[in-house]
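A.B. asks: Note that the protein sequences, when read in sequence, are chains A and B. Start counting the first sequence at 271; every next residue gets the next number (the working numbering). Start counting the second sequence at -12; every next residue gets the next number (the working numbering).
These are calculated hints, taken from the structure and not from any lab test. Predicted, not measured: the structure shown is a model, and the values here were computed from it. Yeah, the Cβ is synthetic: ideal placement off N, Cα and C, and Gly gets one too. Be careful, since some hints might not be right.
Stretch by stretch, here's where chain B covers chain A in the computed footprint (C-beta under 8 Å, at least three residues) [what the hints assert, rightly or not]:
1) 286 to 300
2) 345 to 356
Computed list of chain A residues with no C-beta within reach of chain B, every gap over 10 Å [as the list claims (entries may be wrong)]:
3) Gly307
4) Val311
5) Pro317
6) Asp318
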Amino acid sequence: MALGRHTARWASGSALMLLIPCPWCGPRAEIEFRYGGQAGVAYPADPDALDDEAWARYVFFRDNPKGQFAERWVHAAGCRRWFDATRDTVTHEFLEPAGTEEPVP
Amino acid sequence: MPASPSPHLPDHPAHLWRNPDPKPAYDVVIIGGGGHGLATAYYLAKNHGITNVAVLERGWLAGGNMARNTAIIRSNYLWDESAAIYEHSLKLWEKLPDELDYDVLFSQRGVMNLAHSLGDIREGRRRVSANRLNGVDAEWLELDEINRLCPIINLSPESRYPVLGATFQPRGGIAKHDLVAWAYARAADALGVDLIQGCEVIGIDVVDGRATGVRTSRGPIAAGRVGIVAAGHASIVAAMAGVALPLQSHPLQALVTELLEPIHPTVVMSNAVHVYVSQAHKGELVMGAGIDSYNSYAQRGSFHIIEHQLAAALELFPMFARAHVLRTWAGIVDVSPDASPIIGATPVENLFVNCGWGTGGFKATPGSGWVMAATLAAGSLHELARPYAFERFTTGALIDEHGAAAVAH
Chain A
271 MALGRHTARW ASGSALMLLI PCPWCGPRAE IEFRYGGQAG VAYPADPDAL
321 DDEAWARYVF FRDNPKGQFA ERWVHAAGCR RWFDATRDTV THEFLEPAGT
371 EEPVP
Chain B
-12 MPASPSPHLP DHPAHLWRNP DPKPAYDVVI IGGGGHGLAT AYYLAKNHGI
38 TNVAVLERGW LAGGNMARNT AIIRSNYLWD ESAAIYEHSL KLWEKLPDEL
88 DYDVLFSQRG VMNLAHSLGD IREGRRRVSA NRLNGVDAEW LELDEINRLC
138 PIINLSPESR YPVLGATFQP RGGIAKHDLV AWAYARAADA LGVDLIQGCE
188 VIGIDVVDGR ATGVRTSRGP IAAGRVGIVA AGHASIVAAM AGVALPLQSH
238 PLQALVTELL EPIHPTVVMS NAVHVYVSQA HKGELVMGAG IDSYNSYAQR
288 GSFHIIEHQL AAALELFPMF ARAHVLRTWA GIVDVSPDAS PIIGATPVEN
338 LFVNCGWGTG GFKATPGSGW VMAATLAAGS LHELARPYAF ERFTTGALID
388 EHGAAAVAH
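Chain B with its partners taken away, still in its complex shape (with noise of 0.2 Å):
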């Protein structure tokens, strides 16, 4: 076995995991191998000492939507149910390295949420209000605040949508996806777990109104409980048990440029001029925007929303015009009504979804994972998923993040 390149850089993922072959039956089977999947299995196995779980994912773990983020971390929502997860999952993550014994670059450079217009401003300083409510870091920042931790952005009056203000979240950050999903996987495995890959579930057997187990491309494997976790594909595993969810699936496109030296400290998002920009550990910027308008599964989009944020990245930041885009790319993300995920229950006996996360997946992975093996080890919804069940939608008790958060989260 070849030594690492350099004792400096994690084990290859290759050696961090068995790849075992499918037993015939399981406790619980995951349908996808993404972030969610893999927190979800660790903790069915750490919190809830269930360990006969497989984990089944189509292509590579983390291949996904894990693989396509940018791994922004934060938690200052506006709603009292989404500040609750999300700020369960920021805790997480604030002890992850720890409990998982690997370093996953975790980082609270602090997240600022730029405002350019009155409204932004109202909407800002109620949502730094109702997040200290909630327990959650947030202050608001004048001009020189922000100049002083961010000197790089554009704070002249004369720009076209000059900033006014912005709210910060300290303890928010960014971490290194792959290295999250990474070390899910090895400490899943460690307590038991098989994670499973080149395995696509293609039929899911439902018997007198139960789910007993799935059917995948490596033969049949029963299951005592499925959870659904497979994101922008979520609607087509959950149609195999009949089950429709309010889902639609979109591309969602990002881009890096070529390597920097730090020169961006923080993470800056915009909604009125609508980019996210942070600079990873390795140096490249990261930009994001919003969704391509039209439903996809091809994870591509059109290039005028890369343009776009791009427009918008230089009007923030004009020291930014000489760097050079050096890759984009979309993944399929599971936009719901609400912008909200949808946790729970299914009308099929013993199955299970966790899906809708939409633009916002990443920075929930642990909190998802935890609720999710928490409702799958009980077979109820955990408390704090419970908001997020699929009743919302007939009585109409919605989770409007859409108007609430920042629009891309």
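Chain A extracted, bound-state conformation (with noise of 0.2 Å):
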């Protein structure tokens, strides 16, 4: 009785903790994982160009929506591959299925 209800919430991904999606590895605890922040986020292409104004957007802002955001996760206690994955910030649900090609850092 106890488990059934234990296992319907961790189904639902609403209560304890986030249940992570692995492209490799499945559907794990969130406690095996470490957080990346924003996706996509990739090294200016040409730095030199930069000015500090450019530097600044890009080590210091991130989007922060509230809604769908694409982020990156780390199985550090699993297969320690990173990998993307988009999840609402409301809801805390993973929208997709992530890919395993290799994503933009």
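Could you use the hints to bring the two separately framed chains together as a complex?
C.D. replies: See the structure below:
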């Protein structure tokens, strides 16, 4: 009985902790992961061309949406690989399975 | 009108301020009716005589982080810029009950920051010296002094991370957060400020690079100046005017136990095992620690964070093992890259922000309101707020309290 409720809460993704879909290992508990923040923030292609303002943008500014957020996770206590995932920052639900292709850092 | 349940309790908050409908226009509109927004409104009216002011709150007054913090007050920050603004705030706390004629249960029971390693000791001693140079009261405590001030801390050398010493700020302490908000709200209301609850800002009108008003769930409101004081939602509100802020919103969790007899006489913080603990006036142990790692607007976090902070608390206070957790919760905190606030003008004229207080905003409530009011009144930054302008992210003049302050602040 207790086990059933426990499982249901996990499946809902809304209690205890995040259940994170590692593209290689499948859904695993959040404590196995480290967070990497916004996905798709590439190192400037031509660093010498950046002025201070552009550097500030690159170093300090990240999206902070209320809703869908493409973000980086690393399965630190598992396969130790990085991947991108899209999660809703209000419901905490992962919206789509992450691909296994090498993501943008 | 029913009388208060007890003559010893303050009035019910619903009787402390009017609930006016919004007027079509104000000199200043403050977005966010939390502690900082209410304090800003009060000081605008009190210090600057600007009373044609509205505070717009999406929910109810002080129902966000003002209702979710651990109510710790201190000013023992390392850097000069931080010490200046937090010490200014602490001085305001010390006269707040008299000034607002309202007992906010401000209790200067002292704040202790424990050291568990040689690095902690060096950092702590350095911070004590830096604090004293800035006129902030600070002491270094050896174990016997820690034991005298707070006998329930486990000082055994056999513990996993033995306590080796502590910094202590005697003037630090706690206050009752709801009462603080109500006191500011009542005082601002009495000076003519309109506190408008259930009024969500859904847009900011910008004409020729200048903010002219806001659109709300209760209709448009014109404004001479607009201040965004929206904490965890600062990014969302600022984006309505096309302004990007270097903030990330995270859950910050806390918990309380059931009510206990008075056993914990001070406030104890530990960066190394990472928990901070005080005992509220009513008797519950109040604990907090760090943020959840991921971005969120959900006002809830993951349970392992609670588990870790309780483990840390039991390491320091073995006697708490029998206490039951009554309630856990989370607020959404706006964390800036250097863990210091962002105060000042934006690229949009007449639009100002006061955000990025992250995990440490409660203690700053009076000081934050004070400098934000001065900034909104003058249209330029108050002296104490100047280091906190946006420009520091371009110039590199960061106020790096991530590494310098107590981790959790």
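A.B. asks: Does each hint hold? Answer for all of them.
C.D. replies: Evaluated hints:
1. Against chain B, the region 286 to 300 of chain A contributes 4 residues with a C-beta closer than 8 Å to a partner C-beta. That satisfies the three-residue criterion, and the hint holds.
2. As drawn, the region 345 to 356 of chain A meets chain B at 0 residues by the rule of a beta-carbon pair under 8 Å; below three, the given contact is violated.
3. Distance check on Gly307 of chain A: its Cβ comes as close as 7 Å (rounded) to a Cβ of chain B, failing to clear the 10 Å threshold; non-interface status is violated.
4. For Val311 of chain A, the shortest C-beta to C-beta distance to chain B comes to about 13 Å, beyond the 10 Å cut-off, and the non-interface label holds.
5. Distance to chain B confirms Pro317 of chain A as a non-interface residue, since its nearest Cβ pair spans about 16 Å, more than 10 Å.
6. Every CB of chain B lies more than 10 Å from the CB of Asp318 of chain A, the least distance being 18 Å, so the non-interface label holds.
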